[in-house]
Amino acid sequence: MEQQREVATRPSMTTGGPKDAAVLCRGVIKSYGSGETQVKALRGVDLEVHPGELLMLVGPSGCGKTTLISVVAGILDQDDGECLLFGQNLSRLPQHERVRYRGEHIGFVFQAFNLIPSLTAAENAAIPLLINGIPMEEAVTRAALLLASVGLEGREHALPSQLSGGQQQRVAVARALVHSPRLVVCDEPTSALDQVTGIRVMEGLKKLAVNDDRALVIVTHDARIFSFADRIAHMNDGAIERIENKR
Amino acid sequence: MNSIALKMLFGDRGKYLGIITGITLASILMIQQPGMLVSIFTMTYSFITDVSLPNIWVMDAKVQQIDDSKPLLDTQLYRVRGVRGVEWAVPLYKGSQKVRLSNGETVMSNLLGLDDATLIGGPAVMIEGKLSDLRIPDSVIVDEAGANGRLAKPAAAPGERATPLKVGDVLELNEKRALVVGIARAQKTFQSQPIIYTTYTRAKVYANSERKMLTYILVKAKDNEPRETIARRITQNTRLAAWTAEEFKKKSLDYMIYNTSIIINFGFVVLVGFVIGAAVTGQIFYNFTLDNLRYFAVFKAMGATDQTLRKMILLQAVLVGFVGYGIGAGATASFAAIMGNSNGPSINLSWQLLLASGCAILLIVLMSALFCIRKVLKLEAAVVFKG
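Heads up: the sequence lines are chains D and L, in that order. Residue 1 is where the first sequence starts when you use our numbering, and the numbers rise one by one after that. Residue 1001 is where the second sequence starts when you use our numbering, and the numbers rise one by one after that.
Chain D extracted, bound-state conformation (with noise of 0.2 angstroms):
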């Protein structure tokens, strides 16, 4: 662990100082269970994530990937250390106020799409916007906007059964997207695409969503999209083992 912090801190490993950083964690620990039965998810994390970075969280199965974009997100509360997201411990924030946090300031792109099947393409993209209090028609419209530069011109009344799983991504990346959140998590974006679709939802993904106010944490197996990282952070039994710079 005490390994894994000096790496993670090194200057080399990040793109700016801690202050700038959109995702810092430090010595974030997590378990789930208690007693004989408990799992220790997180053992120790430390992690910088600066705007405008798109960075992969690589490792086997049950490494703790997931709990960790968990809790970067503000879904998951860590037992241990501390998570701030611009500056912002959500933590500490009652539950309302990281909701509405969460809402306003974060988009997901999950590995099962997880569209809602009797909505339209642009209603799926829209729920961010909802969410936020915008009223349909306008959030529509701004979804159709977002899908268009996906390349979903002219699918916006689609349903999700009428549409590729190539096609679904990029509804789920434009619903990521459509609130012009500061950060963006993937879980698994391409696993369910063939490589070609899944390289393009990358580069649209990476196109659109990497600017200088927004940072992209991509949690993957997939080998074939590495090149889009900026920095890669491989992980093990709960830790970052190390931190690769793809720049």
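Everything labelled a hint here was simulated from the structure, so no lab data went into it. All figures in this text were calculated on a predicted structure; none of them were measured in a lab. Don't take every hint at face value.
[Said to hold, decoys possible] According to the in silico footprint, chain L covers these stretches of chain D (three or more CB under 8 angstroms from chain L):
#1 69-78
#2 94-108
#3 116-127
#4 131-137
[To be verified] Label pairs and their calculated CB-CB ranges:
#5 D:162 with L:1334: 35 to 45 angstroms
#6 L:1264 with D:38: 52 to 62 angstroms
#7 D:245 with L:1294: 29 to 39 angstroms
#8 D:27 with L:1362: 50 to 60 angstroms
#9 L:1318 with D:161: 23 to 33 angstroms
#10 D:80 with L:1380: 17 to 27 angstroms
[To be verified] Over 12 angstroms on every C-beta distance to chain L, these chain D residues come out as not near it, computed from the model:
#11 35
#12 88
#13 194
#14 241
Glycine included, C-beta positions come from ideal geometry on N, C-alpha and C.
Given chain D, put chain L in place with the hints provided.
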């Protein structure tokens, strides 16, 4: 998010229709059965309601309800008239008589013999003819349901429809001629038999096998004393039972309630309706929520508050309740309209009944929604990351 909640609901057409069907069936059972029960209860005293002018009914002390006929001697009428506080008293015959139709079939009917002079106790609404036409020899007035139904002239050939009885037609009562001089509207009675009105004297002719003919003495109490007091005085002076119209209605109704298992039977069906409705609706709605649990988790992860999720589920529940109840109430009302035209018991759809059944349906959907809300609120948003 409300429109998203509704689209999710309508999108799963199978479950949506399943929930609606469950609520519709529950609504039908919970509206139709009590409606029919109320109608039957009303029918037990409908004759007392129809005879609105007198306010005290005098009868044999053993009479338990309106159709329980224990006739008196005609002389009792004079004793009642002599009681202080009685403004007037008139006789009423109420019995059953077979009516012979032109094809030889006989139909059991209610025969009412009204006071010859005043015709008190006659129908309030005449559709054809006049009440005073009962003064024509051999005349009778028939109620509308009987004239169009059981007393209608039989079809001349198989497959043809019976012709409703009309003024001028002749019936045969106890081998005696009865000329129809009017058609009247009367509330259905519990026995659902045709009602034939005639004069008291003529009723004695039609039912001449009976020694005692005076079924009821209809009394109008003077206004200067409570009618209950006068009724008690009649009982005291004559040893006959005397009840105000309201008391007699209640007595007839109580007889029905306490001497039959009607309340238990209908109540059981209503309870079954509620339980089945709650079980079916609750189960399907819960399954619907379980199927959508993943999406609720997505909403949670994306920042939907507990209140937003609660509202979404409540909206879905209330909507299916509203639609299911609307269809159920509409179907029951249509059924009631059809039954209203038949000779059987109708369905009394009072606003109180609709309100009560609506509340029961609301309770069902809210209970279902509460289970679902509990499940969704306990849901860990992190499940969205499980592939």
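Exercise for review: Would you assess whether residue 35 (chain D), listed as outside the interface, keeps its beta-carbon beyond 12 angstroms of every beta-carbon in chain L?
Suggested key: About 20 angstroms separates residue 35 (chain D) from the closest Cβ of chain L, which puts it past 12 angstroms; holds.
Point to revise | chain L covers the stretch 94-108 of chain D, three or more CB atoms within 8 angstroms, holds or violated | key: Coverage by chain L holds for the stretch 94-108 of chain D (9 residues, Cβ < 8 angstroms).
**Study point:** residue 162 (chain D) paired with residue 1334 (chain L), Cβ distance criterion 35 to 45 angstroms
**Key:** 40 angstroms, holds
Point to revise | Residues of the stretch 116-127 of chain D with Cβ under 8 angstroms from chain L, three needed, outcome | key: Holds, because 6 residues of the stretch 116-127 of chain D bring their Cβ atoms closer than 8 angstroms to Cβ atoms of chain L.
Practice item. Look at the Cβ atoms of residue 1264 (chain L) and residue 38 (chain D) and judge whether their distance stays inside 52 to 62 angstroms. Key: 58 angstroms, holds
**Study point:** Non-interface claim for residue 88 (chain D) versus chain L (Cβ beyond 12 angstroms)
**Key:** 14 angstroms, holds
Point to revise | Minimum Cβ distance from residue 241 (chain D) to chain L greater than 12 angstroms, as the annotation requires | key: 21 angstroms, holds
Point to revise | Coverage of the stretch 131-137 of chain D by chain L, judged on three or more residues with CB within 8 angstroms | key: That given contact holds, which follows from 3 residues of the stretch 131-137 of chain D lying within Cβ reach (below 8 angstroms) of chain L.
Practice item. Check the following: the C-beta atoms of residue 1318 (chain L) and residue 161 (chain D) are separated by a distance inside 23 to 33 angstroms. Key: 28 angstroms, holds
Practice item. Just tell me: holds or violated, for the beta carbon distance of residue 245 (chain D) and residue 1294 (chain L) against 29 to 39 angstroms? Key: Holds, since residue 245 (chain D) and residue 1294 (chain L) (Cβ atoms, about 36 angstroms apart) stay within the stated range.
Check your understanding: Do residue 80 (chain D) and residue 1380 (chain L) keep their Cβ atoms within the hinted range of 17 to 27 angstroms?
Key -> 20 angstroms, holds
**Study point:** No chain L beta carbon within 12 angstroms of residue 194 (chain D)'s
**Key:** 17 angstroms, holds
Checked against the numbered hints listed earlier, the structure breaks none of them; every hint is satisfied.
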